[in-house]
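Number of protein chains: 2
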Amino acid sequence: MAKEIRNKEENYSEWYNNLVIKSDLAENSAVRGCMVIKPYGYAIWEKMQAELDRRFKETGHVNAYFPLFIPKSFLSKEAEHVEGFAKECAVVTHHRLKADPDGKGLIVDPEAKLEEELIVRPTSETIIWNTYRNWITSYRDLPILINQWANVVRWEMRTRLFLRTAEFLWQEGHTAHATEQEAIEETRQMVEVYAEFAKEVLALPVWVGAKTPSERFAGAVETLCIEALMQDGRALQAGTSHFLGQNFAKAFDVQFTNKEGKLEYVWATSWGVSTRLMGAMVMAHSDNNGLVIPPVLAPIQVVLVPIYRGEEERESVLAHLDDLKAKLLAKGLRVKLDDRDNVRSGFKFTEWEVKGVPLRIAVGPRDLANKTVELAFRDTLKKEIHPLEGIEDKVVQIMKDVQENIYKKALDFKEKNTFEIDSYEDFKVRIEDGGFFLCHWDGTAETEAKIKEETKATIRLIPEWDNPVPGRCMVTGKPSTQRVVFARAY
Amino acid sequence: MAKEIRNKEENYSEWYNNLVIKSDLAENSAVRGCMVIKPYGYAIWEKMQAELDRRFKETGHVNAYFPLFIPKSFLSKEAEHVEGFAKECAVVTHHRLKADPDGKGLIVDPEAKLEEELIVRPTSETIIWNTYRNWITSYRDLPILINQWANVVRWEMRTRLFLRTAEFLWQEGHTAHATEQEAIEETRQMVEVYAEFAKEVLALPVWVGAKTPSERFAGAVETLCIEALMQDGRALQAGTSHFLGQNFAKAFDVQFTNKEGKLEYVWATSWGVSTRLMGAMVMAHSDNNGLVIPPVLAPIQVVLVPIYRGEEERESVLAHLDDLKAKLLAKGLRVKLDDRDNVRSGFKFTEWEVKGVPLRIAVGPRDLANKTVELAFRDTLKKEIHPLEGIEDKVVQIMKDVQENIYKKALDFKEKNTFEIDSYEDFKVRIEDGGFFLCHWDGTAETEAKIKEETKATIRLIPEWDNPVPGRCMVTGKPSTQRVVFARAY
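Quick mapping for you: the protein sequence lines, in order, are chains A and B. When the letters of the first sequence are read in order and numbered with this note's numbering, they come out as residues 3 to 492. When the letters of the second sequence are read in order and numbered with this note's numbering, they come out as residues 3 to 492.
It should be emphasised that the hints constitute simulated quantities derived from the structure, not laboratory data. Each hint should be verified, as a subset may be incorrect.
Note: identical chains are not told apart, hence a pair may lie in one copy or across any two.
Unchecked claim - With a Cα cut of at most 27 Å, we get these calculated DSS-like pairs of lysine-lysine: (1) K261 / K106; (2) K100 / K115; (3) K338 / K385; (4) K24 / K261; (5) K79 / K115; (6) K201 / K410; (7) K59 / K49; (8) K264 / K100; (9) K252 / K89; (10) K350 / K261; (11) K100 / K79; (12) K59 / K402; (13) K59 / K327; (14) K261 / K338; (15) K89 / K115; (16) K100 / K252; (17) K338 / K24; (18) K396 / K329.
Since this is a predicted model, take the numbers as computed values, not measurements.
Using the sequences and the accompanying hints, generate a full structural model.
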């Protein structure tokens, strides 16, 4: 396997594209903007799903499934939502094909035009709140704490594997509450679930905070989010949690009788993460040799590679590795023994390095004689010789250590690339090198827009500081209650 | 909760619809033919998914994800496939909505017409084989053993919850092989996986066999299937596994270099089961009191109901049930303590009966004094008093026994309703009462069509008998090599 991955220092964007393709995570399909998630990539996504799903269930949520299609009229019911989502989307207008009477092939049957067009869901607030209307009568029906795993479609013009695709996979939580306070707490709880998941599973340190009004979800009263820093210094929004107030309840007339017997509109939240997290994982940790996958997510945690010359050596080394594999499997590790005989060990080393397997164990005749193994760490690229005795417990510990090391490295990178800046002139220069910038802002949409136009940087979020320090807006000099986080973003 | 479920002896179809709605499995949505799978129903589907997914992985398969959309031209590439699938389907023709210039609402932007229409996948052979073309060069790239969990859409005219919906959830396996023999073995292996899953998880005994040419999947060389018997005597196809020969490889030009260095077309299979299995589970086991769910699938296996008068009794009984719940949870059982204070215990009994919880444990002050519990079995509707001591181990055993009892009851029903019939006159009378009919058939499509037209019965499958006994076709009297299985079907 030739490496064929562009250096990230030369061209970060090409490096990313090469990496996703060469490591077999995903590829573009014959359908514009839609990707094929390949088995190796999908196995990582399944692990993300399992980890998230467990956290959702532990916080009292259940899964359900709502229709793929949304009647066109539903999208225009919530005034702001329509602006955000009823634009570039896939529109179903007909329900039948027929043989082309002029020859081969198929044509759309003009007789089979739908009375009302259906939109492939870009997000499901509308169809779900239309359903909740029939489920909610009394405060006793609340809260409803539902999550959905689904595919959604947004007709993006410029797409990139995982980061921005026309179809993507995601989860969307949609909860209904009797009180504003409870809905606000849910919104906050879920962004914290995402932050903890990012840290423990993706090994990604994130900022947590609120979006400015101009960056909010269309229809939300408040949008909380987590933002991570990629190695090129750009921020990536990795999850959002929206407090929707009573906006959707009013749009779809969802009322309930409260404890006092009065009719009231229901309070709502929604929250989601998507296959975009795959892109975040790739861009945050990988290097010029290929993927670096946190062990918690790695489909293969340990790869065993035999080193041998001739059939006799091969057999004894493989017998030995079969034993070792069984011992590692018994510890619950995900192990692959690469016993291919049509490629050399150097080729195998490169392949598993590209694919980001956290630990490689190579064993040759000398190791057999010495009762040792050679460990190669994907994250640090270091090699170590270890006694074979007790290696299975050692590997269990290594998985934990590597997971933590990858996180610490990302945390260190984030901290080194987070800057307090007070001068807009400095900001304009420094933003070119990337990173998170903690700056004072006067709180107006005008200043926010001016900064975006002049620097391509946006306010990623407004953090909730323990001790907010007031200051003066770096652009207008007007008073500011606290610093906010700027960055150029994906 | 009023029962409001029609007796199945009076109107089986209404009984089914009532049951699905009243037990909170699913409901119809605002989108014609599309259902909402409610949390209780989805929890059962999740268990089916987990059980199937484990079996697929144990047989060497991996998951992946392919696009929702299929270019229209792909559907016409395989000559028979186009006949079967390019008819009633959802057609995406545009990619943008815009504000209606005449007033409120949205219209489809005529400027945003797609060059080629996209079809929402009714099944994914075409898009997947178009992708496999780029993945397969050599015999070393084979086999490819991929499964996909996905939603699909077929624009059905008459729909019924779970049994026939425009959108449904399913899994579709798509494998690629170097030899015909290997593909045939895969086809057979997967139908056996389905049959074992039906028995062990759904508690459903099934017939396994091959479809006649007229009932085959569009594009298949052979279709194997499993068929189950519903309580109204109608058969339900519960899973199919197709040997596709080289049809899709030829349609999408997927060739590989074999071990001898020659170019050859790839051999294919596909296999799937869907949310239709939810309908099968409901119709096979439930009764006039509600659902009967096999314990392996039950989201709640044991419900604990406190019996009390007044706050003092309530507190002591609940404290007791908290303990019991902890003990049952520690055994890995799925337990719910119904501590609602706004409904009576009789209401609770009815509700959990409708929802098919396999075991109810009621505890009142007398049980506290006697150190006993009252067990109520959902499948047999029997009640028993048991000592509290050791009840948790008893319940573990009960779950196994109930799973087996439900299967045995269904097996007994199937056997009692399977008939050998040699006279077509008898057949025409007896088919009215339902069941599986083992009859001789001359092997012609003409006779098959005549029987279907005259009796609404179809050949569900051709079994693989250990000792096939020849005979004469019940209609034409021509020679027949073996009996085949007839039934009226869903």
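Hints and how they fare:
For a Cα distance limit of 27 Å, the shortest separation of K261 from K106 qualifies neither inside one copy, at 66 Å, nor across copies, at 37 Å. In this homomeric assembly, K100 and K115 come within 27 Å of each other (Cα to Cα) both inside a single copy, at 13 Å, and across copies, at 19 Å. Taking CA atoms no more than 27 Å apart as the test, K338 paired with K385 passes inside one copy only; the shortest distance there is 19 Å, against 52 Å between copies. Taking the shortest alpha-carbon separations for K24 and K261, only the inter-copy value of 26 Å comes in at or below 27 Å, while the best intra-copy value is 59 Å.
Within a single copy, K79 and K115 get their C-alpha atoms as close as 23 Å, and across copies as close as 24 Å, so both meet the 27 Å cut-off. In the homo-oligomer, the alpha carbons of K201 and K410 lie at most 27 Å apart inside one protomer (10 Å), although the nearest pairing across protomers, at 49 Å, exceeds that limit. Proximity of K59 and K49 under a CA criterion of 27 Å is satisfied in both settings, with 15 Å inside one chain copy and 14 Å between copies. Proximity of K264 and K100 under a CA criterion of 27 Å is satisfied in neither setting, with 55 Å inside one chain copy and 39 Å between copies.
In this homomeric assembly, K252 and K89 come within 27 Å of each other (Cα to Cα) only inside a single copy, at 22 Å, whereas the closest approach across copies is 40 Å. With identical chains, the CA atoms of K350 and K261 are at most 27 Å apart between copies only, with a shortest distance of 22 Å across copies and 66 Å within one. Taking the shortest alpha-carbon separations for K100 and K79, only the inter-copy value of 14 Å comes in at or below 27 Å, while the best intra-copy value is 35 Å. Taking the shortest Cα distances, K59 and K402 sit within 27 Å of each other both inside one copy (25 Å) and across copies (26 Å).
In this assembly of identical chains, K59 and K327 lie within 27 Å of each other by CA distance solely across copies; the values are 18 Å between and 33 Å within a copy. Taking the closest pair of Cα atoms, K261 and K338 come within 27 Å of each other only across two copies (25 Å); inside a single copy the shortest separation is 58 Å, beyond that limit. With identical chains, the CA atoms of K89 and K115 are at most 27 Å apart both within one copy (21 Å) and between copies (13 Å). For the identical chains of this complex, K100 and K252 are inter-copy neighbours only, at 23 Å across copies versus 42 Å inside a copy, given an alpha-carbon limit of 27 Å.
Proximity of K338 to K24 under the C-alpha cut-off of 27 Å is restricted to the intra-copy arrangement: shortest distance 19 Å within a copy versus 48 Å between copies. Taking the shortest Cα distances, K396 and K329 sit within 27 Å of each other inside one copy (12 Å), while across copies they are farther apart (35 Å).
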